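Chemist: Sequence:
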Amino acid sequence: MTTPPAWKPTLLWHAKLLGVLLAVCTAGYFALAYVTDQLPAPYQKRQPAPEAAPWLHSNR
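294 is the number of the first residue of the sequence shown in this note's numbering; add one for each residue after it.
What you were told as hints is all true, and nothing was included just to trick you.
Between beta-carbon pairs, the in silico distance windows are:
| hint | residue 1 | residue 2 | range |
| --- | --- | --- | --- |
| 1 | Gly-321 | Ala-345 | 24 to 32 Å |
| 2 | Ala-326 | Trp-348 | 19 to 27 Å |
| 3 | Thr-329 | Ala-308 | 29 to 37 Å |
The set of hints was computed from the structure by calculation and includes no laboratory data. Remember, predicted model here, so these are calculated numbers, not experimental data. No residue lacks a Cβ here, since even glycine has one placed at the ideal position from N, Cα and C.
Based on the provided sequences and hints, a complete structural model is requested.
Modeler: Laid out in structure tokens, this is it:
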């Protein structure tokens, strides 16, 4: 004999969970981007050399 599950998630529960996860990931991305923009000089983001990533430097 098997017992029925104590809780079965609904489609609405899944939608809410995915919405919360999307919001948390998006907020985390922008928070991390803001923090990395505030780093001191030796740790700032920089553009790669044209020889290393030619697709980023199109010859217009």
